[in-house]
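**Q** These protein sequence lines map, in sequence, to chains A and B.
Just so we're aligned: 30 in UniProt numbering is position 30 of the first sequence, and the numbers increase by one with no gaps anywhere.
Just so we're aligned: 250 in UniProt numbering is position 250 of the second sequence, and the numbers increase by one with no gaps anywhere.
Keep in mind that the hints were calculated from the coordinates and are not lab data.
Bear in mind the structure is a predicted one, so any value in this text is a computation, not a measurement.
We treat Cβ as the ideally placed atom computed from N, Cα and C, and that holds for glycine.
Do not take every clue at face value.
Restricting the straight-line Cα-Cα distance to at most 35 Å, the calculated cross-link-like pairs of lysine-lysine (DSBU-like) are [unchecked claim]:
| hint | chain 1 | residue 1 | chain 2 | residue 2 |
| --- | --- | --- | --- | --- |
| 1 | B | 49 | B | 92 |
| 2 | B | 262 | B | 198 |
| 3 | B | 166 | A | 29 |
| 4 | B | 49 | B | 166 |
| 5 | B | 175 | B | 204 |
| 6 | A | 47 | B | 173 |
| 7 | B | 198 | A | 47 |
| 8 | A | 47 | B | 49 |
| 9 | B | 92 | A | 3 |
| 10 | B | 122 | A | 3 |
| 11 | B | 198 | A | 33 |
| 12 | A | 106 | A | 127 |
| 13 | A | 33 | B | 141 |
| 14 | B | 141 | A | 3 |
| 15 | A | 33 | B | 204 |
| 16 | A | 58 | B | 198 |
| 17 | B | 175 | B | 141 |
| 18 | A | 91 | A | 106 |
| 19 | B | 119 | A | 3 |
| 20 | B | 258 | A | 33 |
To spell it out: a stretch of chain B is covered by chain A in this simulated footprint if at least three of its residues, at any positions, have a beta carbon under 8 Å from a beta carbon of chain A; those stretches are [stated by the list, open to error]:
| hint | region |
| --- | --- |
| 21 | 160 to 167 |
| 22 | 187 to 194 |
| 23 | 197 to 211 |
| 24 | 224 to 231 |
| 25 | 243 to 255 |
| 26 | 278 to 288 |
Some chain B residues near chain A, calculated using beta-carbon distances under 8 Å [to be verified]:
| hint | residue |
| --- | --- |
| 27 | 61 |
| 28 | 79 |
| 29 | 265 |
If you want the building blocks of each chain, they are given just below.
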Amino acid sequence: MEKLINDFSFGLFFWQAIVLVVLILLLRKFAWKPILDSLNSREEGIKDALLSAENARKEMQNLHADNEKLLNEARAQRDAMLKEARELKEKVVLEATEEAQTKADKIVANAQVIIQNEKNAAMVDLKNQVATLSIEIAEKVIREQLSTTEKQHKLVEDMLADVTLK
Amino acid sequence: MKKDNTVRILLAVFIVLFSVNTFAQDHEVEHGENTELESHEGPGAVDTKEEVADYIDHHLQDSHSFNFFSDGATGEHYGFPLPVILWDNGLKAFSSSEFHHGETLAIIDGQHYKLYHNKIYKTNAEGTITYGEDGYPTNAKPLDFSITKNVLAMLLVSLLMFIIFKGLASSYKNKDIPSGFGRVLEPLVIYVRDDIAKPNIGPKYRKYMGFLLTVFFFILILNLLGLTPLGINVTGNIAVTFCLALATFFIVQFSGNKHYWKHIFWMPGVPIPMKIVLMPIEILGMLTKPFALMIRLFANMTAGHVVVMSLLGLIVIFQNWIAGPAFFGFTLFISIIELLVAFLQAYIFTLLSALYIGMAVEDHDHHPNDHSDDIPVI
């Protein structure tokens, strides 16, 4: 203990005290404060970044779910539209076929009517011609038969023969 | 990956320091026979037990000159003198070379000063030292404010700390993560903050970070420096540890809130006679805490130096081919332990300072009868 007391150097203590106080004050101002502030702000930054990353992840998840939903809806819509289109197509084709059939039928019917009419007209014409021809022939025959007086008398006689007085 | 790098850098630092240390030991072994012996008594060989003990004693003390080594045969010292500043009826400053390593008296303004066991005494013209009953000189001592080896080391370490931590601080201006040596320092700073200050002091820790960080790095660097061949033993000096402990003491007392003082002078929750008995104990505890801090650091560092140097001294004393390598191996082993101790003591000093501050600033919002956390001094 005496040795310790004898060894105690007041000068060293004095310098140590000054050095310590000055060092603490200087380092506090120029080193520790900026270092700790930077560390704090960096840690805050990391915390914020992690939080926002987590939020982004959640948002992403939501978005993904939304997308999935939208996709499903779109798919369903597409299917529905396709189905509708198919049906429409079938309907249109059917209608067109039907319409074409009716039109064709109508055309055929018209054609038949016209053919009938033409046929009738032709028949009438033919009949007329036949009649004219027949009259001409008859005229010629008659003219032949009645060309002489004898023949006229003969006819009259024949006719008269047929006519019997009742 | 980053952690790996840090570990690697730390390891590299250790290896460098350690190799320098062992180099120094080799060096000292080589010069073992003719290294200086108590420079104030002139050169001589360090061969016997007493001489080794004296040499160790000499090493543990502060010095007025910075000696790297001395040649015992020729009496030459390799180093440089340091300024001596005395307050003895006025300021007196001169170079320690005036003492010629203790071999002559320094005569300043007609006053004779003698360097004896690294202390400056006033003597008569013959340099007579009178001894008291306890074996210590009774000569008058002038107030010695010399820039001794330890003061120089302290100043250099302070400068070094200022430069490296200013550098660390400014490295944050450009980017978030420091590069190079800052990667070693940053984890230590974070360690002091997260594992020493925060858990022990609580939410008010920020106010004490300046003190804790400064003290931690100051002790750590000086401890490590003590392991180098420079032969600096600052933290193993009682005046230094006294000052550090005193700083903790004052900070604790000035931070103490009313709960702290109430616990000391009028312990709540115990009967009145107990309060009276406890008061002096608590007041004593107030003082024993920093006292323990002072002694712990001093004793640990001194013991480390003594053990390392004693083992080296054993090589010199035995002087044979078996003991040499064996004690060299021991020294190596102890040096590694000392490296651990250097960190450990810096940590413990800071931790206990933080703990004491924490006890002083703690808010006692809990049940008044619950004193389970009133941990006594260690």
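**Q** For each hint, tell me whether it holds in the structure or not.
**A** Structure-based check of each hint:
1. 49(B) <-> 92(B): Distance of about 39 Å is beyond 35 Å: violated.
2. 262(B) <-> 198(B): holds, 24 Å
3. 166(B) <-> 29(A): Given pair residue 166(B), residue 29(A) holds - Cα atoms ~10 Å apart, limit 35 Å.
4. 49(B) <-> 166(B): violated, 47 Å
5. 175(B) <-> 204(B): OK: residue 175(B) and residue 204(B) at ~28 Å, within 35 Å.
6. 47(A) <-> 173(B): holds, 20 Å
7. 198(B) <-> 47(A): It holds: about 18 Å lies between the C-alpha atoms, which stays within 35 Å.
8. 47(A) <-> 49(B): violated, 62 Å
9. 92(B) <-> 3(A): holds, 27 Å
10. 122(B) <-> 3(A): holds, 19 Å
11. 198(B) <-> 33(A): Since the Cα atoms of residue 198(B) and residue 33(A) sit roughly 16 Å apart, the hinted pair holds (cutoff 35 Å).
12. 106(A) <-> 127(A): OK: residue 106(A) and residue 127(A) at ~31 Å, within 35 Å.
13. 33(A) <-> 141(B): violated, 42 Å
14. 141(B) <-> 3(A): holds, 16 Å
15. 33(A) <-> 204(B): holds, 15 Å
16. 58(A) <-> 198(B): Holds, at about 33 Å.
17. 175(B) <-> 141(B): Distance of about 55 Å is beyond 35 Å: violated.
18. 91(A) <-> 106(A): Holds. Residue 91(A) to residue 106(A) sits at ~22 Å (cutoff 35 Å).
19. 119(B) <-> 3(A): holds, 13 Å
20. 258(B) <-> 33(A): Judged against 35 Å, a Cα distance of about 29 Å means the pair holds.
21. 160 to 167: holds (count 4)
22. 187 to 194: holds (count 3)
23. 197 to 211: holds (count 4)
24. 224 to 231: violated (count 0)
25. 243 to 255: Satisfied; 4 residues make the cut.
26. 278 to 288: violated (count 0)
27. 61: holds, 7 Å
28. 79: With Cβ-Cβ at 19 Å, over 8 Å, it is violated.
29. 265: The hint is violated - residue 265(B) has no Cβ within 8 Å of chain A, the shortest such distance being about 29 Å.
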